[in-house]
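Asks: Sequence:
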Amino acid sequence: MGTFDRKRLEDVIDAFSDVRLLVVGDLVLDEYVGGDVERVSPEAPVPVVRVTEETVVLGGAANVARNLVSLGAGAALVSLVGDDEAGIRVSELVGALGIDPADLVVAEGRPTTRKTRVVARNQQVVRLDRENIDPPAARIGRSMIAAIDRVLESVDGVVIEDYGKGALSNRVASAAMGRFLEAGLPVAVDPKSSISPYHGAALVKPNLREAEELSGIAIRGDEDLNRAARRIRQEIGRGAVVVTRGSRGMTLFEEGASSVDVPTAPREVFDVQGAGDTSIAALALSLCAGASLLESAVIANAAAGVVIGKIGTATVSVSETREQLGAAIEAAEEVS
2 MGTFDRKRLE
12 DVIDAFSDVR
22 LLVVGDLVLD
32 EYVGGDVERV
42 SPEAPVPVVR
52 VTEETVVLGG
62 AANVARNLVS
72 LGAGAALVSL
82 VGDDEAGIRV
92 SELVGALGID
102 PADLVVAEGR
112 PTTRKTRVVA
122 RNQQVVRLDR
132 ENIDPPAARI
142 GRSMIAAIDR
152 VLESVDGVVI
162 EDYGKGALSN
172 RVASAAMGRF
182 LEAGLPVAVD
192 PKSSISPYHG
202 AALVKPNLRE
212 AEELSGIAIR
222 GDEDLNRAAR
232 RIRQEIGRGA
242 VVVTRGSRGM
252 TLFEEGASSV
262 DVPTAPREVF
272 DVQGAGDTSI
282 AALALSLCAG
292 ASLLESAVIA
302 NAAAGVVIGK
312 IGTATVSVSE
322 TREQLGAAIE
332 AAEEVS
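Going by this note's numbering, the sequence shown wraps up at 337, each residue one higher than the last.
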(Lines of atoms letter the chains of each structure in order from A and count residues from 1; the text may use other names and numbers.)
(Lines give C-alpha, C1' and ligand atoms only; values in the text may rest on other atoms or scores of the structure.)
Protein backbone atom coordinates (compact mmCIF):
# COMPACT_ATOMS: atom_id res chain seq x y z
CA MET A 1 0.00 0.00 0.00
CA GLY A 2 2.98 2.29 0.54
CA THR A 3 3.18 5.33 2.79
CA PHE A 4 0.90 8.31 3.15
CA ASP A 5 1.75 12.00 3.13
CA ARG A 6 0.10 13.27 6.31
CA LYS A 7 0.40 16.89 5.21
CA ARG A 8 -1.51 16.08 2.02
CA LEU A 9 -4.29 14.36 3.96
CA GLU A 10 -4.50 17.31 6.35
CA ASP A 11 -4.77 19.62 3.32
CA VAL A 12 -7.65 17.49 2.03
CA ILE A 13 -9.43 17.81 5.40
CA ASP A 14 -8.86 21.57 5.38
CA ALA A 15 -10.39 21.70 1.87
CA PHE A 16 -13.70 20.34 3.19
CA SER A 17 -14.73 23.95 3.77
CA ASP A 18 -14.76 24.48 -0.01
CA VAL A 19 -17.21 21.61 -0.61
CA ARG A 20 -21.01 21.62 -0.44
CA LEU A 21 -22.90 18.35 -0.69
CA LEU A 22 -26.55 17.44 -1.04
CA VAL A 23 -27.85 14.67 1.21
CA VAL A 24 -30.97 12.84 0.05
CA GLY A 25 -32.74 10.02 1.86
CA ASP A 26 -34.35 8.78 5.04
CA LEU A 27 -33.89 10.92 8.11
CA VAL A 28 -34.56 9.87 11.69
CA LEU A 29 -35.24 11.79 14.87
CA ASP A 30 -33.19 9.97 17.51
CA GLU A 31 -34.51 10.36 21.03
CA TYR A 32 -32.59 9.27 24.12
CA VAL A 33 -34.26 8.76 27.48
CA GLY A 34 -31.67 8.23 30.20
CA GLY A 35 -32.10 7.19 33.78
CA ASP A 36 -31.29 4.83 36.62
CA VAL A 37 -32.56 1.33 37.34
CA GLU A 38 -33.03 0.51 41.01
CA ARG A 39 -35.78 -2.10 41.00
CA VAL A 40 -37.91 -4.47 38.95
CA SER A 41 -41.51 -3.56 38.22
CA PRO A 42 -44.13 -5.35 40.35
CA GLU A 43 -46.37 -5.38 37.28
CA ALA A 44 -44.04 -7.38 35.02
CA PRO A 45 -40.46 -8.76 35.10
CA VAL A 46 -38.99 -5.60 33.58
CA PRO A 47 -36.70 -2.91 35.02
CA VAL A 48 -38.17 0.37 36.21
CA VAL A 49 -36.17 3.27 34.73
CA ARG A 50 -36.29 6.49 36.70
CA VAL A 51 -35.86 9.11 33.98
CA THR A 52 -33.21 11.75 34.63
CA GLU A 53 -32.58 13.19 31.16
CA GLU A 54 -34.05 13.33 27.67
CA THR A 55 -32.29 14.45 24.49
CA VAL A 56 -33.09 14.51 20.78
CA VAL A 57 -30.62 14.55 17.87
CA LEU A 58 -30.80 14.20 14.11
CA GLY A 59 -30.15 10.71 12.74
CA GLY A 60 -30.08 8.89 9.41
CA ALA A 61 -29.64 11.20 6.42
CA ALA A 62 -29.83 14.17 8.77
CA ASN A 63 -26.88 12.79 10.75
CA VAL A 64 -24.84 12.66 7.55
CA ALA A 65 -25.69 16.34 7.07
CA ARG A 66 -24.69 17.00 10.71
CA ASN A 67 -21.32 15.36 10.07
CA LEU A 68 -20.77 17.37 6.89
CA VAL A 69 -21.37 20.58 8.80
CA SER A 70 -19.21 19.53 11.75
CA LEU A 71 -16.42 18.71 9.27
CA GLY A 72 -16.60 22.26 7.96
CA ALA A 73 -18.49 21.64 4.73
CA GLY A 74 -21.73 23.08 3.39
CA ALA A 75 -24.80 20.88 3.15
CA ALA A 76 -28.31 20.74 1.76
CA LEU A 77 -30.83 18.13 2.89
CA VAL A 78 -33.82 16.73 1.01
CA SER A 79 -35.96 14.26 2.93
CA LEU A 80 -39.42 13.55 4.30
CA VAL A 81 -40.95 14.56 7.61
CA GLY A 82 -44.45 14.13 8.91
CA ASP A 83 -46.91 16.86 9.85
CA ASP A 84 -46.31 16.17 13.53
CA GLU A 85 -44.38 17.56 16.48
CA ALA A 86 -41.37 15.41 15.61
CA GLY A 87 -41.31 16.90 12.11
CA ILE A 88 -41.36 20.40 13.56
CA ARG A 89 -38.48 19.48 15.87
CA VAL A 90 -36.48 18.05 12.94
CA SER A 91 -36.96 21.30 11.00
CA GLU A 92 -35.75 23.30 14.00
CA LEU A 93 -32.65 21.14 14.44
CA VAL A 94 -31.86 21.25 10.71
CA GLY A 95 -32.19 25.03 10.69
CA ALA A 96 -29.89 25.27 13.71
CA LEU A 97 -27.19 23.58 11.62
CA GLY A 98 -27.39 26.37 9.06
CA ILE A 99 -29.18 24.10 6.58
CA ASP A 100 -32.35 25.37 4.91
CA PRO A 101 -35.25 23.27 6.27
CA ALA A 102 -37.42 24.40 3.34
CA ASP A 103 -36.12 21.39 1.39
CA LEU A 104 -37.73 18.98 3.87
CA VAL A 105 -40.95 17.74 2.30
CA VAL A 106 -43.90 17.43 4.67
CA ALA A 107 -46.07 14.35 4.11
CA GLU A 108 -49.47 14.87 5.68
CA GLY A 109 -50.66 11.97 7.81
CA ARG A 110 -47.27 10.27 7.77
CA PRO A 111 -45.25 10.05 10.99
CA THR A 112 -41.74 11.42 11.13
CA THR A 113 -39.42 8.43 11.53
CA ARG A 114 -38.51 8.40 15.20
CA LYS A 115 -36.41 6.03 17.30
CA THR A 116 -36.63 6.35 21.08
CA ARG A 117 -33.89 4.62 23.06
CA VAL A 118 -34.22 4.10 26.79
CA VAL A 119 -30.74 3.91 28.32
CA ALA A 120 -29.84 3.05 31.90
CA ARG A 121 -26.29 2.74 33.26
CA ASN A 122 -24.92 3.14 29.72
CA GLN A 123 -26.92 0.15 28.49
CA GLN A 124 -29.89 0.30 26.14
CA VAL A 125 -32.97 -1.14 27.83
CA VAL A 126 -35.42 -0.89 24.94
CA ARG A 127 -35.91 0.93 21.63
CA LEU A 128 -39.26 2.23 20.40
CA ASP A 129 -39.65 2.81 16.64
CA ARG A 130 -42.33 5.00 15.10
CA GLU A 131 -42.28 4.90 11.30
CA ASN A 132 -44.11 4.23 8.06
CA ILE A 133 -41.87 2.55 5.50
CA ASP A 134 -44.42 2.55 2.67
CA PRO A 135 -43.51 4.65 -0.39
CA PRO A 136 -45.02 8.12 -0.14
CA ALA A 137 -47.77 9.34 -2.44
CA ALA A 138 -46.72 10.28 -5.97
CA ARG A 139 -47.25 13.99 -5.31
CA ILE A 140 -44.88 13.79 -2.32
CA GLY A 141 -42.28 12.14 -4.55
CA ARG A 142 -42.68 14.95 -7.06
CA SER A 143 -42.15 17.47 -4.27
CA MET A 144 -38.89 15.74 -3.34
CA ILE A 145 -37.65 15.93 -6.93
CA ALA A 146 -38.63 19.61 -7.06
CA ALA A 147 -36.60 20.22 -3.88
CA ILE A 148 -33.63 18.44 -5.45
CA ASP A 149 -33.93 20.59 -8.58
CA ARG A 150 -33.79 23.76 -6.46
CA VAL A 151 -30.37 22.95 -5.01
CA LEU A 152 -28.62 21.02 -7.80
CA GLU A 153 -26.64 23.95 -9.16
CA SER A 154 -25.28 24.89 -5.74
CA VAL A 155 -23.68 21.55 -4.75
CA ASP A 156 -20.50 19.67 -5.68
CA GLY A 157 -21.77 16.15 -5.07
CA VAL A 158 -24.49 14.00 -3.55
CA VAL A 159 -24.81 11.50 -0.70
CA ILE A 160 -27.80 9.17 -0.83
CA GLU A 161 -28.83 7.60 2.48
CA ASP A 162 -31.26 4.76 1.77
CA TYR A 163 -32.36 3.33 5.11
CA GLY A 164 -35.42 1.68 3.62
CA LYS A 165 -37.76 4.02 5.52
CA GLY A 166 -39.81 4.96 2.46
CA ALA A 167 -38.42 8.33 1.35
CA LEU A 168 -36.55 6.77 -1.57
CA SER A 169 -39.09 4.78 -3.54
CA ASN A 170 -37.72 3.27 -6.75
CA ARG A 171 -39.47 6.00 -8.72
CA VAL A 172 -38.01 8.84 -6.63
CA ALA A 173 -34.54 7.28 -6.47
CA SER A 174 -34.40 6.68 -10.23
CA ALA A 175 -35.64 10.17 -11.04
CA ALA A 176 -33.14 11.69 -8.62
CA MET A 177 -30.24 9.70 -10.07
CA GLY A 178 -31.21 10.91 -13.54
CA ARG A 179 -30.96 14.51 -12.32
CA PHE A 180 -27.60 13.92 -10.64
CA LEU A 181 -26.01 12.18 -13.62
CA GLU A 182 -27.30 14.81 -16.03
CA ALA A 183 -25.74 17.48 -13.81
CA GLY A 184 -22.43 15.57 -13.74
CA LEU A 185 -22.45 15.27 -9.95
CA PRO A 186 -20.60 12.40 -8.22
CA VAL A 187 -23.00 10.31 -6.16
CA ALA A 188 -22.07 8.29 -3.06
CA VAL A 189 -24.70 5.80 -1.91
CA ASP A 190 -25.17 4.26 1.53
CA PRO A 191 -27.60 1.46 0.63
CA LYS A 192 -29.86 -0.75 2.69
CA SER A 193 -31.40 -3.48 0.55
CA SER A 194 -31.46 -2.37 -3.09
CA ILE A 195 -29.07 -0.67 -5.48
CA SER A 196 -31.02 -1.10 -8.70
CA PRO A 197 -31.98 2.62 -8.89
CA TYR A 198 -28.38 3.77 -8.37
CA HIS A 199 -26.71 2.77 -11.62
CA GLY A 200 -24.02 5.33 -12.37
CA ALA A 201 -23.12 6.04 -8.74
CA ALA A 202 -19.46 6.91 -8.17
CA LEU A 203 -19.37 5.05 -4.86
CA VAL A 204 -21.47 2.54 -2.93
CA LYS A 205 -20.69 1.93 0.75
CA PRO A 206 -22.40 -1.11 2.29
CA ASN A 207 -21.35 -2.85 5.47
CA LEU A 208 -20.76 -6.61 5.43
CA ARG A 209 -24.36 -7.53 6.16
CA GLU A 210 -25.64 -5.14 3.53
CA ALA A 211 -23.10 -6.42 0.99
CA GLU A 212 -24.49 -9.93 1.52
CA GLU A 213 -28.06 -8.74 1.02
CA LEU A 214 -27.27 -6.57 -1.99
CA SER A 215 -25.27 -9.28 -3.76
CA GLY A 216 -27.15 -12.39 -2.64
CA ILE A 217 -23.80 -13.95 -1.65
CA ALA A 218 -23.09 -15.25 1.85
CA ILE A 219 -19.75 -13.75 2.87
CA ARG A 220 -17.62 -16.26 4.80
CA GLY A 221 -14.21 -15.11 3.64
CA ASP A 222 -12.25 -12.78 1.37
CA GLU A 223 -13.13 -14.64 -1.85
CA ASP A 224 -16.83 -14.39 -1.03
CA LEU A 225 -16.37 -10.68 -0.35
CA ASN A 226 -14.61 -10.21 -3.68
CA ARG A 227 -17.44 -11.95 -5.52
CA ALA A 228 -20.05 -9.91 -3.68
CA ALA A 229 -18.28 -6.65 -4.51
CA ARG A 230 -17.97 -7.63 -8.17
CA ARG A 231 -21.70 -8.30 -8.33
CA ILE A 232 -22.51 -4.96 -6.70
CA ARG A 233 -20.18 -3.17 -9.12
CA GLN A 234 -21.95 -4.84 -12.04
CA GLU A 235 -25.18 -3.32 -10.77
CA ILE A 236 -23.89 0.24 -10.46
CA GLY A 237 -21.55 0.32 -13.46
CA ARG A 238 -17.98 1.57 -13.15
CA GLY A 239 -18.25 3.03 -9.65
CA ALA A 240 -16.23 1.98 -6.62
CA VAL A 241 -17.43 -0.20 -3.76
CA VAL A 242 -16.26 0.37 -0.21
CA VAL A 243 -17.29 -2.32 2.28
CA THR A 244 -17.05 -1.22 5.90
CA ARG A 245 -16.02 -4.05 8.23
CA GLY A 246 -16.30 -2.66 11.75
CA SER A 247 -13.09 -3.06 13.72
CA ARG A 248 -11.34 -4.37 10.59
CA GLY A 249 -11.74 -1.06 8.77
CA MET A 250 -12.69 -1.04 5.09
CA THR A 251 -12.07 -2.97 1.90
CA LEU A 252 -11.92 -1.01 -1.35
CA PHE A 253 -12.89 -2.23 -4.81
CA GLU A 254 -12.09 -0.03 -7.83
CA GLU A 255 -12.14 -0.44 -11.59
CA GLY A 256 -9.02 -2.21 -12.87
CA ALA A 257 -7.46 -2.73 -9.43
CA SER A 258 -7.20 -5.50 -6.87
CA SER A 259 -9.12 -5.14 -3.64
CA VAL A 260 -7.37 -3.16 -0.91
CA ASP A 261 -7.86 -3.63 2.83
CA VAL A 262 -7.57 -0.44 4.86
CA PRO A 263 -7.37 -1.39 8.56
CA THR A 264 -8.39 1.07 11.23
CA ALA A 265 -6.61 1.90 14.47
CA PRO A 266 -7.80 0.03 17.59
CA ARG A 267 -10.11 2.20 19.68
CA GLU A 268 -12.22 1.65 22.77
CA VAL A 269 -15.73 1.32 21.37
CA PHE A 270 -18.53 3.01 23.29
CA ASP A 271 -21.17 3.07 20.54
CA VAL A 272 -21.03 2.16 16.83
CA GLN A 273 -24.30 3.98 16.14
CA GLY A 274 -23.82 6.63 13.47
CA ALA A 275 -20.32 5.47 12.47
CA GLY A 276 -21.58 4.58 8.99
CA ASP A 277 -23.02 8.08 8.60
CA THR A 278 -19.67 9.57 9.55
CA SER A 279 -17.83 7.26 7.15
CA ILE A 280 -19.94 8.14 4.11
CA ALA A 281 -19.72 11.86 4.92
CA ALA A 282 -15.92 11.76 5.20
CA LEU A 283 -15.52 9.56 2.11
CA ALA A 284 -17.69 11.80 -0.06
CA LEU A 285 -16.05 14.99 1.20
CA SER A 286 -12.54 13.63 0.69
CA LEU A 287 -13.25 12.51 -2.86
CA CYS A 288 -14.79 15.87 -3.74
CA ALA A 289 -11.77 17.59 -2.17
CA GLY A 290 -9.44 15.75 -4.56
CA ALA A 291 -8.29 12.71 -2.56
CA SER A 292 -7.90 9.25 -4.03
CA LEU A 293 -10.24 6.51 -2.81
CA LEU A 294 -7.44 5.07 -0.66
CA GLU A 295 -6.65 8.44 0.90
CA SER A 296 -10.36 9.03 1.45
CA ALA A 297 -10.68 5.69 3.25
CA VAL A 298 -7.86 6.58 5.66
CA ILE A 299 -9.52 9.92 6.45
CA ALA A 300 -12.90 8.20 6.88
CA ASN A 301 -11.34 5.63 9.25
CA ALA A 302 -9.93 8.48 11.31
CA ALA A 303 -13.31 10.24 11.47
CA ALA A 304 -15.26 7.08 12.31
CA GLY A 305 -12.66 6.19 14.92
CA VAL A 306 -13.58 9.34 16.79
CA VAL A 307 -17.34 8.73 16.63
CA ILE A 308 -17.25 5.18 18.02
CA GLY A 309 -15.65 6.62 21.14
CA LYS A 310 -18.79 8.69 21.81
CA ILE A 311 -22.21 7.70 23.12
CA GLY A 312 -25.24 7.98 20.84
CA THR A 313 -25.69 9.50 17.39
CA ALA A 314 -22.53 11.60 17.27
CA THR A 315 -20.52 13.77 14.92
CA VAL A 316 -16.83 14.47 14.39
CA SER A 317 -15.01 17.76 13.96
CA VAL A 318 -12.08 18.73 11.76
CA SER A 319 -9.75 18.98 14.76
CA GLU A 320 -10.80 15.56 16.08
CA THR A 321 -10.25 13.98 12.66
CA ARG A 322 -6.81 15.55 12.40
CA GLU A 323 -5.92 14.25 15.88
CA GLN A 324 -6.92 10.70 14.92
CA LEU A 325 -5.26 10.89 11.49
CA GLY A 326 -1.83 9.72 12.63
CA ALA A 327 -3.22 6.52 14.13
CA ALA A 328 -5.31 5.88 11.01
CA ILE A 329 -2.27 6.32 8.76
CA GLU A 330 -0.14 4.01 10.92
CA ALA A 331 -2.84 1.30 10.86
CA ALA A 332 -3.16 1.54 7.06
CA GLU A 333 0.59 1.43 6.51
CA GLU A 334 0.96 -1.75 8.58
CA VAL A 335 -0.47 -3.85 5.73
CA SER A 336 1.91 -2.45 3.11
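None of these hints come from the bench; they were simulated from the model. Quantities reported herein were computed from a predicted structural model and do not represent experimental measurements. Treat each hint with caution, since some may be false.
DSBU-like mimics (lysine-lysine), calculated; alpha carbons at most 35 Å apart, straight line [what the hints assert, rightly or not]:
{"no.": "1", "residue 1": "Lys311", "residue 2": "Lys193"}
{"no.": "2", "residue 1": "Lys116", "residue 2": "Lys193"}
{"no.": "3", "residue 1": "Lys116", "residue 2": "Lys311"}
{"no.": "4", "residue 1": "Lys8", "residue 2": "Lys311"}
Asks: Would you mind marking each hint as holding or not holding in the structure?
Replies: Status of the hints after comparison with the structure:
no., hint, in the structure
1, Lys311 / Lys193, "24 Å, holds"
2, Lys116 / Lys193, "17 Å, holds"
3, Lys116 / Lys311, "18 Å, holds"
4, Lys8 / Lys311, "27 Å, holds"
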